[in-house]
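J.: Residues per chain are reported as follows:
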Amino acid sequence: MRRWFAIAKATTLEILSEPLSLLLLLSALTLAVLAPALHYHQFGESTRMAREAGLSALFTFGTVFAVAGIFRSFRRELETGTAQMAMAHSVSRGVFFFAKFSGALAAYAVFAVILANVSFVMVCGAAVGGEIARRSGDIARLWAPALAAGLAVVVLAPAVAAALNRFWRVRFVLSAFAAAFSISSAGMAWFMDFPLAARLSGAWLVLAFPAAFHIAAASAFAVGMRQSFAVAATALTMTLSSCAVGNYYLADFLSKGGAVPWMYVAEALLASLPAVAAFVVLGVHLFERRDIA
Amino acid sequence: MSENVIELNSVSKTFRDFWLRPTVAAVDALSMSVRKGEVFGLLGPNGSGKSTTIKMILGLISPNAGEVRLFSMPPQSSAARAKLGYLPELSYLHPFLTASETIRYYAGLCGLSRREAKRRAGELMEMVGLSDVANRAVGGFSKGMARRVALAASLVGKPQLLILDEPTSGLDPVSTKEVKTLIKALAAGGMTILTTSHLLADAEDVCDRVMILNRGKCVAEGAIGELGASLEDFFLAKVGDVRDFKLAGFLKG
Chain A
1 MRRWFAIAKA TTLEILSEPL SLLLLLSALT LAVLAPALHY HQFGESTRMA
51 REAGLSALFT FGTVFAVAGI FRSFRRELET GTAQMAMAHS VSRGVFFFAK
101 FSGALAAYAV FAVILANVSF VMVCGAAVGG EIARRSGDIA RLWAPALAAG
151 LAVVVLAPAV AAALNRFWRV RFVLSAFAAA FSISSAGMAW FMDFPLAARL
201 SGAWLVLAFP AAFHIAAASA FAVGMRQSFA VAATALTMTL SSCAVGNYYL
251 ADFLSKGGAV PWMYVAEALL ASLPAVAAFV VLGVHLFERR DIA
Chain B
294 MSENVIELNS VSKTFRDFWL RPTVAAVDAL SMSVRKGEVF GLLGPNGSGK
344 STTIKMILGL ISPNAGEVRL FSMPPQSSAA RAKLGYLPEL SYLHPFLTAS
394 ETIRYYAGLC GLSRREAKRR AGELMEMVGL SDVANRAVGG FSKGMARRVA
444 LAASLVGKPQ LLILDEPTSG LDPVSTKEVK TLIKALAAGG MTILTTSHLL
494 ADAEDVCDRV MILNRGKCVA EGAIGELGAS LEDFFLAKVG DVRDFKLAGF
544 LKG
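Protein chains in written order, with the working numbering: chain A, 1 to 293; chain B, 294 to 546.
So that you can see chain A by itself, here it is in the shape it has in the complex (with noise of 0.2 angstroms):
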């Protein structure tokens, strides 16, 4: 247990401490902050809009964060000869793999709560624009609490992250994440409205299923590369499941207009379930047949 949790914290470390990470991260809160607001026409659906991109920006950001943050990770772990290092210890790979997944994922959940909570943030910013709209006839001020409350994340968690690394020597990319994390639950915590966090959370839940998937298919398929055979099977089949596991449940929820039954999260998750336990025995079947050179 020791082993796998020394493993699945550096691998999360790890991921957060890429540059590649906070760029995937800013940029996700900049389209779910600005796309809504920057729409010509609102058609006196901001709130939907907010919720839409915040959705968006997940789905496509958070399915590049999860492929490359663990691709590169076991890439680097096998190029550089730090597996070396890990592997000469009393760890079996079948625990080094589970525990590179494992901290991959939590590194998914990190930056899909950031995301999340910005999102929540921008609904609720979104309804209250609309009233401050609607009783000034100003339709200026729409978006303006929305724009403040998600701006100031965006802006906010770098430039304490930079104050952090000018004086204490505190790692950049790090603590960005970690203001990012702060500042946002801070909004969120705000706003509070527990119904609206209750139904969004199932859509939250239903985009991070397919993201275990990917994480577990980019996993096989980092470890796995010079099996010619596994590397057209497994890009075949993430292709083909990705599609299926994660485009299906997202429309459906998004044509419900955001009242998502609790009963398709479940269903969801047995949908993912076997493709990621697939993907995890595939990894560790080629992960104990290579060499570790």
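Hints may be right or wrong, so weigh each one.
Between beta-carbon pairs, the in silico distance windows are [said to hold, decoys possible]:
id	chain 1	residue 1	chain 2	residue 2	range
1	B	His-491	A	Met-1	38 to 44 angstroms
2	B	Met-420	A	Pro-195	57 to 63 angstroms
3	A	Ala-109	B	Lys-451	32 to 38 angstroms
4	A	His-39	B	Phe-308	54 to 60 angstroms
5	A	Thr-30	B	Ser-371	44 to 50 angstroms
None of these hints come from the bench; they were simulated from the model. For glycine and all other residues, C-beta sits at the position ideal for the given N, C-alpha and C.
With the hints as your guide, set chain B onto chain A.
T.: Chain B only, in chain A's frame:
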């Protein structure tokens, strides 16, 4: 008869490319044994198969033929690997972790508790003289500093067998001397040590027995004193090749 900690019986390893075509026979029918409590040196020129042999002992790569035993167990056995420490040829470290976090990471892989890992990390940072930079990310360390962190990481689990691949690589003369003193001190405390080097002076200073490899084969084996007055002369006689000196001729011409 002394207990053998490592045993290799007619071990061979041929690497293959993506299409499974053989590329290089790195080790060819090698047999060797390392006894408990001795410092054993694996010597040879670059590309002679030293690192490949070590990786087979560690269970990182599988031999095509022959058998490897570590503490009388297969090298993939967790019980066998729990007793060893390994310092690779290059200091493979996670660049985003601090020196202290690196030691605690490897302490975690040894199964140490959080409190014990923190204590050991403090002791080892002190031992390798890096206490003042313990909270800096190792990605910014010099090669010598990274080497010291890797050495500390290899000792964190208090191993019975220490495998050192080119332990003085990248170190300045003072650090080299310190590492050799450390090896002697660890050996005096009963630790079995397998070290590789192409620096013969290092091997002469610390090893009880050596094996000389050339092109994946053993060309000589014995105690330092048995191999003649000068290990360097003996080594060159066994593995020296006039083709190595073509460059001098080219420059003259």
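J.: Taking 54 to 60 angstroms as the stated bounds, is the beta-carbon spacing between His-39 of chain A and Phe-308 of chain B within them?
T.: holds, 58 angstroms
J.: Given the hint of 32 to 38 angstroms, check if Ala-109 of chain A and Lys-451 of chain B actually sit that far apart at their C-beta atoms.
T.: holds, 36 angstroms
J.: Does the Cβ pair Met-420 of chain B, Pro-195 of chain A satisfy 57 to 63 angstroms?
T.: holds, 58 angstroms
J.: Taking the beta carbons of His-491 of chain B and Met-1 of chain A, is their distance inside 38 to 44 angstroms?
T.: holds, 41 angstroms
J.: Between Thr-30 of chain A and Ser-371 of chain B, does the C-beta distance stay in 44 to 50 angstroms?
T.: holds, 47 angstroms
When the structure is compared with the earlier hints, no violation turns up for any of them.
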